[in-house]
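Novice: Residue numbers (the working numbering), protein chains in the order written: chain A, 5 to 358; chain B, 5 to 358.
Derived from the structure by calculation, the hints contain no laboratory data.
Take the hints with a grain of salt, since some may be wrong.
The list treats identical chains as interchangeable, and a pair is accepted whether it falls inside one copy or across any two copies.
[To be verified] List time: in silico PhoX-like cross-link candidates among lysine-lysine, alpha-carbon distance up to 25 Å:
| no. | residue 1 | residue 2 |
| --- | --- | --- |
| 1 | Lys279 | Lys51 |
| 2 | Lys32 | Lys46 |
| 3 | Lys212 | Lys294 |
| 4 | Lys121 | Lys184 |
| 5 | Lys149 | Lys121 |
| 6 | Lys183 | Lys121 |
| 7 | Lys289 | Lys51 |
| 8 | Lys228 | Lys121 |
| 9 | Lys30 | Lys328 |
| 10 | Lys219 | Lys315 |
| 11 | Lys216 | Lys30 |
Number of protein chains: 2
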Amino acid sequence: MGAPASTNIRGADYPQILADHRVIFKTKAPDAQKVQIDLGKKYDMVKDAEGYWNVTTDSIGEGFHYYSLIIDGVAVADPASQTFYGMGRMASGIEIPFMGDRYYALSNVPHGDIRIKNYYSTVTNSWRQMYIYTPPGYDENQGEKYPVLYILHGGGEDETGWAKQGKANLILDNLIADKKAKPMLIVMPDANIGGGGFNSGGIENGMKMFEKEMKQAIIPFVEKNYRVKTDAASRALAGLSMGGLHTLYTGINNTDMFSYLGVFSSGWILPMMDKTANAQYAFLKENADKINTNLKAFWISEGGPEDIAYKNGQIMLGKLDELKIKHTYYQYPGGHTWPVWRNDLYNFAPLLFK
Amino acid sequence: MGAPASTNIRGADYPQILADHRVIFKTKAPDAQKVQIDLGKKYDMVKDAEGYWNVTTDSIGEGFHYYSLIIDGVAVADPASQTFYGMGRMASGIEIPFMGDRYYALSNVPHGDIRIKNYYSTVTNSWRQMYIYTPPGYDENQGEKYPVLYILHGGGEDETGWAKQGKANLILDNLIADKKAKPMLIVMPDANIGGGGFNSGGIENGMKMFEKEMKQAIIPFVEKNYRVKTDAASRALAGLSMGGLHTLYTGINNTDMFSYLGVFSSGWILPMMDKTANAQYAFLKENADKINTNLKAFWISEGGPEDIAYKNGQIMLGKLDELKIKHTYYQYPGGHTWPVWRNDLYNFAPLLFK
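Based on the sequences and whatever the hints tell you, model everything.
Specialist: Now the structure itself:
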């Protein structure tokens with residue numbers, strides 16, 4: 005007998021998490037021929053006499069994981085769980101309790117707000133949305149201006165990712181309460197733009213468009229509407245996976261605007277992005293002194309060798325060494341997943357705005 | 005050939021809405037035996053040679069509608085659409101364009117924020133969440149205090165309902181821009197509490213607990229953390245369906261705290277709630293003068309005779325006449341659905357805080 009996951013919808017008894025973090029799934033589908041749970045690994049469920057399908061998984065790592073219910077071959081969200089925009093659709097998520105440091109727990113400390121903001125972009129000529137974390141005290145301390153971390157989701161995700169899957173607000177609430185991080189705004193834009201995806205040059209066009217969106221739409225909107233500092237020393241940019249590529253592009257090209265860069269589970273994808281990567285390496289070579297002077301932190305991380313971005317990341321790290329670009333490397337096990345990215349934010353945020 | 009719905013996930017070509025508001029659904033499920041779309045009415049889909057299931061529905065009314073994809077008997081969210089917490093789970097939604105007054109459109113007017121707030125309730129002894137709309141200018145006009153509309157979702161929904169399905173922020177942005185409504189905060193609490201549901205006295209216990217939660221947790225939290233006016237003339241309470249019952253209970257019992265009540269698609273459910281209803285009617289009778297003096301508006305609405313709450317609502321209206329309780333009745337066709345409740349808010353908000 006396990007405990008219902010915190011990601012279950014209200015009143016749902018399953019999925020249940022056992023003490024050893026195996027998970028029991030149970031779904032009613034009397035007329036289905038085959039039902040599976042897909043957590044990266046696929047588990048076949050077994051039908052009982054009452055038409056419920058059951059399975060107990062292997063032990064699952066701490067934190068947030070996407071999963072799907074597969075009914076007769078169709079991957080859908082499990083009606084028993086909350087949904088999160090990921091994998092390019094509304095996907096089920098399951099939160100496995102973390103027994104270590106409770107750094108992303110909802111605890112009894114002052115809490116900031118998450119704000120949902122619509123803005124009109126003159127770059128895309130459309131309404132877009134961003135999520136913004138304002139730290140505890142933002143409403144009260146009217147005389148104070150704050151630095152800003154701009155942080156980007158990955159491919160198949162959107163502006164809700166860092167707030168919902170990432171728990172960025174709780175991580176910062178806790179760090180700020182412990183005086184480990186400065187009070188800051190976190191701006192979570194929609195990083196899907198232009199071609200998007202990795203096909204036929206789409207990503208390169210997408211990176212150029214996102215740089216424009218950041219410089220002409222997002223940053224001006226934030227600096228007009230919130231009490232924030234507007235010098236480069238008070239701006240950081242970070243992102244995971246596809247968001248890490250945006251950070252490598254927009255961040256490296258604009259070190260006069262950002263003093264801190266965080267690249268989580270990312271790296272130029274070779275040979276698919278040879279053209280862009282080579283142009284960026286040439287830019288790094290030509291501007292090494294300026295970049296090394298401007299950046300107070302160039303922080304690169306991977307989710308261990310099991311991270312799908314690990315290999316490209318290692319190649320990039322070698323290149324940065326070769327080009328004498330100062331950087332820090334950090335590694336946390338867990339692969340290309342949100343538990344790793346939460347931990348990245350937890351370790352990156354304390355370095356900022358000192 | 006129709007247009008993809010605005011509720012489709014990014015890049016999804018289906019569902020498509022035709023000019024006459026029939027909807028084309030298309031889902032890949034080569035191994036499924038039977039696939040249906042449930043929009044209240046169930047539509048059988050037909051499989052084509054490539055394993056896609058297709059159907060074109062009847063013409064669907066304007067605005068937001070919940071729907072399910074049913075795969076071999078299992079009702080799930082359609083992977084092609086955004087999900088919304090409703091029907092007690094994450095459900096698919098489809099938005100049918102409104103050709104009339106664009107009162108809930110995202111238009112070029114000043115926009116307020118939606119804020120997501122965690123708070124610790126000493127009533128439930130747990131962390132709970134509310135959504136709060138702050139109007140345009142709230143951050144800038146530090147000298148100004150605002151009135152507050154507390155507004156409640158229905159059964160099987162939660163604090164996200166009025167923001168997501170209801171577009172309460174856009175309705176108010178537009179009304180405020182047109183000077184048809186006063187700038188106000190809208191507080192959208194989680195109205196699920198205690199027993200919940202309508203079984204074995206659960207709803208009565210739930211109503212008592214919600215009254216306590218409002219008075220001891222929600223209102224004090226809002227009045228401590230936001231620049232709001234704290235007199236009864238600056239507080240309104242409204243709700244739909246189950247939220248309308250909470251409004252009838254908490255609102256009528258506390259007309260010294262709320263000057264405006266809005267009851268959308270609701271009414272005491274007879275004979276299921278005889279005990280509570282009779283107690284409330286007795287309270288109304290004893291306190292008719294006080295209630296009539298305190299309330300500046302007691303606004304009751306139904307979604308036409310097709311609304312499942314219509315019959316109980318009519319009985320209640322008769323009772324209110326009999327007891328000489330002043331009230332206003334409004335009716336908008338569409339049944340027990342979000343297009344009706346959006347329209348209710350659009351018509352109720354201009355009456356407030358004059």
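Novice: Compare the structure with the hints numbered earlier in the document and write down the numbers of the violated ones, lowest to highest.
Specialist: 1, 7, 9, 10, 11
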